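Trainee: Whenever a hint applies, use it, and build me the whole structure from the sequences.
Protein sequences appear in the order of chains A and B. For the first sequence, numbering that gives the first Met the number 0 begins at 0 and goes up steadily by one. For the second sequence, numbering that gives the first Met the number 0 begins at 0 and goes up steadily by one.
Think of the hints as simulated: they come from the structure by calculation, not from any bench. Be aware that one or more of the hints could be misleading.
Note: identical chains are not told apart, hence a pair may lie in one copy or across any two.
Straight line, CA to CA, 20 Å or less: simulated EDC-like cross-link-like pairs of lysine to aspartate or glutamate [stated by the list, open to error]:
#1 Lys225 / Glu89
#2 Lys267 / Glu56
#3 Lys111 / Glu170
#4 Lys1 / Glu220
#5 Lys267 / Glu48
#6 Lys267 / Glu63
#7 Lys267 / Glu195
#8 Lys1 / Glu87
#9 Lys267 / Asp159
Every value quoted in this text rests on a predicted model; they were computed, and no experiment measured them.
Number of protein chains: 2
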Amino acid sequence: MKAHLPLGIFDSGVGGLTVAREVHRQLPCESIVYLGDTARVPYGNKSREAVRRYALEDARFLSEQGVKLIVVACNTATAFALERLEEEMEVPVIGVIEPGVRAALEATQSGKIGIIGTYGTIGSRAYQDALARHNGDIEIIARPTPLLVPLVEENWLDHDVTRSVLAEYLEPILSQGADTLVLACTHYPLLLPLLEREYGDRIRLIDSASTCAAMVGEMLEAHDGKNPSSATSRIRLCLTDDPGQSRDLIERFLGDRASKPELVKVEKD
Amino acid sequence: MKAHLPLGIFDSGVGGLTVAREVHRQLPCESIVYLGDTARVPYGNKSREAVRRYALEDARFLSEQGVKLIVVACNTATAFALERLEEEMEVPVIGVIEPGVRAALEATQSGKIGIIGTYGTIGSRAYQDALARHNGDIEIIARPTPLLVPLVEENWLDHDVTRSVLAEYLEPILSQGADTLVLACTHYPLLLPLLEREYGDRIRLIDSASTCAAMVGEMLEAHDGKNPSSATSRIRLCLTDDPGQSRDLIERFLGDRASKPELVKVEKD
Chain A
0 MKAHLPLGIF
10 DSGVGGLTVA
20 REVHRQLPCE
30 SIVYLGDTAR
40 VPYGNKSREA
50 VRRYALEDAR
60 FLSEQGVKLI
70 VVACNTATAF
80 ALERLEEEME
90 VPVIGVIEPG
100 VRAALEATQS
110 GKIGIIGTYG
120 TIGSRAYQDA
130 LARHNGDIEI
140 IARPTPLLVP
150 LVEENWLDHD
160 VTRSVLAEYL
170 EPILSQGADT
180 LVLACTHYPL
190 LLPLLEREYG
200 DRIRLIDSAS
210 TCAAMVGEML
220 EAHDGKNPSS
230 ATSRIRLCLT
240 DDPGQSRDLI
250 ERFLGDRASK
260 PELVKVEKD
Chain B
0 MKAHLPLGIF
10 DSGVGGLTVA
20 REVHRQLPCE
30 SIVYLGDTAR
40 VPYGNKSREA
50 VRRYALEDAR
60 FLSEQGVKLI
70 VVACNTATAF
80 ALERLEEEME
90 VPVIGVIEPG
100 VRAALEATQS
110 GKIGIIGTYG
120 TIGSRAYQDA
130 LARHNGDIEI
140 IARPTPLLVP
150 LVEENWLDHD
160 VTRSVLAEYL
170 EPILSQGADT
180 LVLACTHYPL
190 LLPLLEREYG
200 DRIRLIDSAS
210 TCAAMVGEML
220 EAHDGKNPSS
230 ATSRIRLCLT
240 DDPGQSRDLI
250 ERFLGDRASK
260 PELVKVEKD
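Mentor: Written out as C-alpha cells, the structure reads:
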C-alpha cells in the first residue's frame, strides 16, 4: 500500500461525512477524497441492482483519483455491494457494517442487541445476518426508524419531537432487554449527545462512524499504509450534483475541514 | 385531442399517486398511465438542471405511450421544468402549481396565504412567484416542512408526534394571520383529515391533488377531449425501479385502482 496516497470514502449523499469526520479526527494526517453521489441520493429506497451499479461507479471514480483504500460509508451500498466491490477493486474496501457489528458483540452482556436504521438498511437484513454469522445465539431487535434522518436534517437535535420519536422507536428495543444499540445510519451520530443523555445509562450506543474510522486505522497499520506526514490534511469533497440545501448540512457535519465542493460525474455514458 | 387516449401523469416517485387518485375519482372513465421515476426519487434535493433532464425523459416516455395530456404531479418538476415541457411536448401539459395557486387566491379573504412543502419546493419560490404574478398584494408566509413526508410514509397520520410537528410548523403561519394554507406537496393530502380536524376552523386548506384534478377536467372539456366511454377504467402503473418498501404506500394511496407495477426505463443511453 502506497502510504502517501489519500483514502477514498463514498456515500449516496452527505450523511457519510460523519464517517469522514471521524476518520479525519482519528487519522488527521491522512488525505481524504470524499465522494457523495448527491445526484442519486438516497440509495436506501432503490433496488439491489440499482445500488450495486451506483456503488461500482462510485468506487471506480475514487479508484481513478488514486486512493489507497476505499471506505463505503453508506449502509445500503455496504449491504448490497460490498462483496462485489471487494472482487472488483484493486485496493482494500471497508464497509460500514462489519465494524459496528464487531463493536456491538464486544459490548453486549445480555446478548440482546438493538439495531436502528432506514427501511433500506433494516430491510436488507445486512446487520442481522452479520451478527448471526459471528454469533448465532445473539437476540436481535431490529427496527426501521425513518424519521431520524429528516430530524437530523431539520437540526432538531435536542427537540421535544425528537425525544418523543426516539421514545416511541426505542420502547420495544428497551422493553425486550437489549443492552446495546447499533446506530446503523450515518446521520445518527449527530443524535449521540441526546441519545447518551436520555438512554446512556440503560444501553450502550455503538455508532458506525467511529467504529469504521477505527477499522481504517487498523487496516493502515496492518498494511504499513499510514501517511508518514505529520501535517493535518483536508478533505477533498466531490459531489455528483450541486449541494443546494445540503450546504448547511455539510457545514454542520464538517465545519472547515473540507475543501469547496467540486461537481463530478461518475455515471458512465 | 383524441378523446379515447389515456391521460399521462408523472412524478419523481409514488407521491403523485394522490393526484392520480383524485383524477380517477373525478374522471373515472379516463384511462391513466402513471409514471413514477422511483429510480431517481426524490427530485426535491436535485439541481434545476438534473430535474429538467429527468422531467423531459419522463414526459417523453409518457408521450411514447400515446397520451392525450400530461400532468406533472411533482412540485419540483413543475417548478423547474414546466415551461420547457410545454415547449417540447405536442400535447397539453398541466403542472401541479397553478391550480393550487388559483384556488388559494379564490379562497383567501385576509389576503395572507401560507404555503408548506419540501425544502426544494419552497426554496424554488415557484408558488410564491406564481401567487405574486396573479396578485402583487398577497402576503405570503412560506415554510419548508420536511418532516411531513416521512410522517406520511410512517403512516403516523393521527399520531401525537404528527400533531406536535404540525403545531410547530403552522404556528408562524397562523400567528401571522394567514386564512388559507396551500399544501404544496403531493404527500400532504393524506394529512387532510388531521389538518381539517385540528385547523379546519381557522384556515382554508387547499390541496394540490384535487385542484389539479379539477383543472384536468376543465382542460378536457375545453378540448372536447373527454373519454366517451362510461366504463370505469384503471390506472396503469409504470415505475423506473422496483417499488420495494413503496408497495405499502402504493396500496395506501391507490387501493385496488391500479394495475400491478411495470418496471420501465426512461433514461436515454
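Trainee: Each of the hints needs a verdict: does it hold here or not?
Mentor: Evaluation of the provided hints:
| no. | hint | in the structure |
| --- | --- | --- |
| 1 | Lys225 / Glu89 | within (18 Å within a copy, 61 Å between copies) |
| 2 | Lys267 / Glu56 | both (8 Å within a copy, 18 Å between copies) |
| 3 | Lys111 / Glu170 | within (14 Å within a copy, 42 Å between copies) |
| 4 | Lys1 / Glu220 | within (12 Å within a copy, 70 Å between copies) |
| 5 | Lys267 / Glu48 | both (16 Å within a copy, 18 Å between copies) |
| 6 | Lys267 / Glu63 | within (13 Å within a copy, 25 Å between copies) |
| 7 | Lys267 / Glu195 | neither (44 Å within a copy, 49 Å between copies) |
| 8 | Lys1 / Glu87 | within (19 Å within a copy, 52 Å between copies) |
| 9 | Lys267 / Asp159 | neither (45 Å within a copy, 47 Å between copies) |
When each numbered hint is compared with the structure, violations occur for hints 7, 9.
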